[in-house]
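**Student:** Let the hints inform the model, and build the full structure from the sequences given.
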Amino acid sequence: MEVFKPWYLSRTIWASAIAVAATLASALGFPLESSDVAALPDAILQAVAAVAGVIAILGRLSASMRIR
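With our numbering as the guide, the letters of the sequence shown map in order to residues 6 to 73.
Hint data in this document are derived by calculation from the structure and do not stem from the laboratory.
Backbone N, C-alpha and C define an ideal beta-carbon position, used for all residues, glycine too.
You may find that some hints are simply not true.
Stated by the list, open to error - FRET-style restraints, in silico, Cβ to Cβ:
(1) Ala-68 <-> Phe-35: 39 to 45 Å
(2) Val-56 <-> Ala-26: 17 to 23 Å
(3) Phe-9 <-> Ala-32: 30 to 36 Å
(4) Ser-69 <-> Pro-36: 33 to 39 Å
(5) Gly-58 <-> Leu-33: 30 to 36 Å
**Tutor:** This is the structure in structure tokens:
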């Protein structure tokens, strides 16, 4: 594997973090459906991509130098 990507774009990392969070939430008494938990990684990755796009646009608009 020679291609790298940021950790926050890994579906495995997000799915694992959500599994831990869902387990903790369940232990604290919050009811969660398995279908809700299964849909969370895709929703989070879409939100991260949207935020990254907005940051890129704002960064380019506020830049003080031209791109060559």
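**Student:** Now tell me if each hint is right for this structure.
**Tutor:** Now the hints, each set against the structure:
Distance hint check: the CB atoms of Ala-68 and Phe-35 are about 43 Å apart, consistent with the given range 39 to 45 Å. Separated by about 19 Å at the C-beta atoms, Val-56 and Ala-26 satisfy the suggested range of 17 to 23 Å. Between Phe-9 and Ala-32 the C-beta distance comes to about 35 Å, which sits within the given range of 30 to 36 Å. For the pair Ser-69 and Pro-36, the beta carbons lie near 51 Å from each other, so the given range of 33 to 39 Å is not met.
For the pair Gly-58 and Leu-33, the supplied restraint of 30 to 36 Å holds, since their beta-carbon distance comes to about 34 Å.
Hint compliance for this structure: hint 4 is the single one not met.
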